[in-house]
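Engineer: Fit the two chains together into the complex; they arrive one by one in their own frames, and the hints show the way.
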Amino acid sequence: MTTKGFSRREFLQNSGVAAAGVAAASTGAVIIDPNGAWAMTTTTLDEHQAMTLLKMSRQLFPHDMLGDQYYAKVVEAVDRDAAKDPDLTDTLGKGIADLDGRMGIEFVHLSEGNQLKALHAIEDTDFFATVRVATINNLYGDPLVYRNFGFEGSSVEHGGYIDRGFDDIGWLPKA
Amino acid sequence: MAKQFGLSNDSVVVVIGSGAGGGTLSNELAQQGIDVVCLEAGPRLEMSDIVNDFNEMFTKLSWLDKRVGSGALDPDLPLWVCKTVGGTTVHWAGAALRFQEHEWKARTTYGDIDGANLLDWPIEAREMERFYSLAEDKMGVTGRHGIPHLPGNNNYQVMELGAKRLGYTQVHTGNMAINSQARDGRPACQQIGFCMMGCAIGAKWSTMYTEIPKAEATGHFELRPESMVLKINHNAAGQVTGVVYADKDGNLHEQKARIVAVAGNSVETPRLLLNSESSQFPDGLANSSGQAGKNYMRHTTGAVYGIMPGPVHLDRGTQMAGIIMDESRHDPKRGFAAGYELETLPGFGLAGVATFMSPGGWGREYAQDLEMYRNTACMWIVGEDLPQEANGVTLHPTEKDQYGLAVPVVHFEDHANDIAMRNHAFKAGRAVYEAVGANKVYERMPFSSTHNLGTCRMSEKPEDGVCDSTGRAHDVPNLYISDGSQFTSGGAENPTLTIVALAIRQAETIAERMRKGES
Ligand SMILES: Cc1cc2nc3c(=O)[nH]c(=O)nc-3n(C[C@H](O)[C@H](O)[C@H](O)COP(=O)(O)OP(=O)(O)OC[C@H]3O[C@@H](n4cnc5c(N)ncnc54)[C@H](O)[C@@H]3O)c2cc1C
Ligand code: SF4
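Chains A and B supply the protein sequences, listed in that same order. If you count the first sequence from 1, position 172 lands on 172 in the numbering used here, and the numbers rise without skipping. If you count the second sequence from 1, position 103 lands on 103 in the numbering used here, and the numbers rise without skipping.
These are computed hints drawn from the structure, not numbers from a lab. On a predicted model such as this, the values are computed, not experimentally measured, just so you know. Heads up, the beta-carbon is just placed ideally off N, CA and C, and yes, glycines get one too. A hint or two may mislead.
Covered stretches of chain B (in silico footprint by chain A; criterion: 3 or more residues with CB under 8 angstroms from a CB of chain A, positions within the stretch not fixed) [unchecked claim]:
1) 49 to 55
2) 131 to 143
3) 153 to 164
4) 180 to 193
5) 342 to 350
6) 368 to 376
Isolated chain B, as found in the complex (with noise of 0.2 angstroms):
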């Protein structure tokens, strides 16, 4: 049963962040018998708030706290990322993807390339074996563990035959953390097509329905929604002690802790480090190294749309309906290192197709092309792109948020890598439907960030980054940090696969050094 802790309870272990990370890790830890405190700072909302709508789903789950984009970024919503119970894993697709073996070793692979600051992360490849293998019946991923693929709806027919015909051979509807067949009390996909509006069945994973009523069950854990954490104290010994957070009356409140993990995605986990300063961390909690808040990486992406001879329909169905992985290898000679997916993306609707396959586009061209909405295919590059230190997150000087915060300035810039890679990407989509006979063709820059990671990284030696291989601040022992921000490199793929493998790990970690007296 839902269990409720006293604010002054210091054997707890506070959890930063309901999503992918927080959402996994609370429930790993509740498992095996430990008392978790879940602060999140977006409401719950039931499964009837789900609607196949954009815009509702959009203003109801997102992060809209003021946020301020610079260089390549969307000034005024840098991020595309929820504030709600089940974080970003409501909005997410479903693509669960392992990182490839030389992905984990980037610094390795990919050699000393100018500009970049690439590191290895301190993890080996072999032993995310096994987390990944648990991440992934969790969360009932396709393709494997026996679990069949899903069927490919009319958008990936296009991608696939286009794939085909230029001699890719890796092309497959994906593996995907939707139920192809019903699995773990929730039912198989209904093709129904709003995927990334949240899921109104619960077919696709998202610890809204799966993590965070699991651990309540366990009567080991407490969830506290609209409570966002604004600081994280501790004590002379260095050691954390506890959060200061704001409740959803303004009202604030000191929760103490054993240990704390922070999981609020890549922006916001680094933000609370640097709004923790004080005289002892006096360039931010955990930031010896000056690395939190550095080496934000956002995927290398893009989207490519074609106008197909005949009709698509590609808001039919799951969004993200398969995938080409052939150019996801390391190949220099294509001039770039790392590589990228092709995945299959929807229209979000004839008034998103007009928003998006073109920014800023309007004449009578335009609207003859929307004209084809029907034809229309559309898919999206996902690549690694390389951490940079000037990539990142840093507090506005002046401007404060509702809760009296600093507002972050998110700060990216394409790498030459990352610029190469997206040409030869467009280059390859533009291919793929023009092998089916695409009338014309349009290639768009990135979106708003969805996949955000790096800056809060894990580096074998301190002074390279924020945590260690298990995720724990190499400043502070009972500090862990639990979500994307912890990636070392991003590979190829869309992470999330990999950050509830890494929490699984983590929980492991932490319960083992626990029943050791560890903190």
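Chain A extracted, bound-state conformation (with noise of 0.2 angstroms):
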């Protein structure tokens, strides 16, 4: 999955395009969630720019009933691509520099309040589309998570929906 900015793009945004290029100096990060429920292990992306993005995508797509663990994986894919795109990684770097200096805190200390002013005064730069697509993508492409949300992927391996429920909606009243 990519990550670049295909913000206007809307098909090709989920399309794996891949853009080629060469792995940046890197500096990375391991981070390990406090309760031990998740780590998150990046290359290119230090610490603050992980934990930045991380609590973006959530502000971006929040679902209370999802743990960090499957955000996190929205910023190891992000760190992948930036791994192999030293624009993306430009891109990435600078946004969260410009997220940071808005409200004159660093994001990641912000109020959730002051974390929405921030993220709508950036909502129309190239990073802020980079990241929502990014979000979309790898969140809800997630097989853990779409099946709980009710998508059930790939199913010519199951014979289709034909015995599987294609019209077995049981609340529509007859007319």
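Structural biologist: Set out below in structure tokens:
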């Protein structure tokens, strides 16, 4: 999955057309959830950048029923793409710095209300579009998440839905 | 057996493109013993390449060569069409509807509408009946010729109930080129639910596994995949003599031809004519009218999502599972000319709904609506848009594609009539879901264009269009337009059945002309 800025390119944004590029000099981080529920490993994004993207992706698509580990997978996917794409690394680095500058306090330390204000302020940037698209693809494209929400994925190997409820709507009145 | 023809063999008919128009024309000619070379820009896939994955199939099948969209179009991906053997019939959903009688006479029926470049087709509705019938039989269209309708999935049942509660009466599971029972060596639909990613079992008609192999079996047909036609050549007499194409390694070849038929879909077809300009045809081949590339139509579309009180599982089963046809009539009392259909649409998975339901959407409220994915229903609007001269395809002044050809720029703006129609349709779609108790409704503007029409239109008079009533170029006696570019007007119906019917008709005409010794 790519996170490259195909913001207006709704179809292409999902298509996995990965950008070629040279691995950038990397910092990387290993972040472990204080409760030990999850860990996040990056090679290109540093700890602050990774934590900022984690919070940001949750603010973009907040689901109380999903733990941070699902959002951490979004960050890891963005990091994998950034490792192959110096332009993306640059967009992310500058975008995070911009976000941190908006309210005078780093984004990760803002209240929820102020985080939203900061995000609204950068809504038209490439950085914002990149993270929004990456969150959609990697959060909602994660089988553990989409199955939980009710999308059932590939069906041909199960013989389709002909015997598995394509017309099982029970709640619909007859007329 | 798959035959091979020499490059210098100038007795063959060259067909450019293997989709709805080109694939059908090729097979129809080959069945009559006429030798055909079909040049297709895209690769040849196997059935095993078709998997139930939206992203993977989009990447495998789509036309991703650079195009620029302007006006109301997506700037990066103005069209959603295929570059593969089978063309966009690999992606298509299978809705196979006939034009209504009055739609063949758009100018006469709708009158002189300001800003619209309307014309009547130079074809009578009556004449098309036989060809529609042949096309439906070829494609195995449900609800015709005794073929049963498909069963309706949940998404359809929601739409059907809402429609009936509003008093709509023409509501059913459509006329679909999808087998409701095994037919023509292909199985019945298993309600797999990824039709627009390619049907993995071949229940849906596609030239990829119907027309192309059938043509090959005649011994009169050669398919050359990964062969992108760059230019059509002509002689001093103004007849075409062959085409120049690039093979997969970028090597150029010239294939000689007796007749050339262009079916590259509505952007590539006029682009090829424009790129084939010469001192004799300075404005592009067959373009003395100046209409090549103009009057681009893409149907007035949009989508309506309803978050329903119970589960719908809209991605289960046939994606275009049913239709409301009541609004397809021409009834100017509604405040616009012409009409529209409402057809179910799937979600394309959770990520698809998140991407498409509200372009650019984010935040807690949107996330909560996405938690209702299971309960989401969706329908698509498809209505007749009016041809406008300023909508169309031009060549980019500087940018070139990988073949060194000028990149096409596609421009489209809605006509006021299109906007009035879409607003009416949004209201109608909303009312349908609200009649079944929708908790929330989203209206979204058109996706990248899937129905692309009109850019080399048919006209009675040579000054009004590019081709005549048989699809033959007004200016060039052995050049044919064989795809949706021929459309004089768009009708409210999904276009492919009409494209196929016209291709069958054109094959008859070409065969007859060849028998008589005409070109
Ligand atoms: C997702 C989706 C769903 C659809 N659903 C429906 C539906 O339910 N009902 C309906 O009626 N229609 C539907 N359509 C539209 C339908 O697919 C098209 O109307 C139809 O396929 C157009 O036929 P065509 O012959 O004009 O072009 P295509 O089928 O697109 O074929 C054109 C072919 O020409 C090739 N080509 C182009 N230029 C060149 C060149 N220079 N040299 C060599 N080859 C070239 C292309 O690679 C392509 O394979 C759908 C389309 C999409 C994308
Ligand atoms: S729903 Fe039917 S037509 Fe569509 S992909 Fe599945 S089997 Fe093919």
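Engineer: Compare the structure with each hint and give your call.
Structural biologist: Results of checking the hints against the structure:
no.	hint	result
1	49 to 55	holds (count 5)
2	131 to 143	violated (count 0)
3	153 to 164	holds (count 6)
4	180 to 193	holds (count 5)
5	342 to 350	holds (count 3)
6	368 to 376	holds (count 4)
When the structure is compared with the earlier hints, a violation turns up for hint 2 alone.
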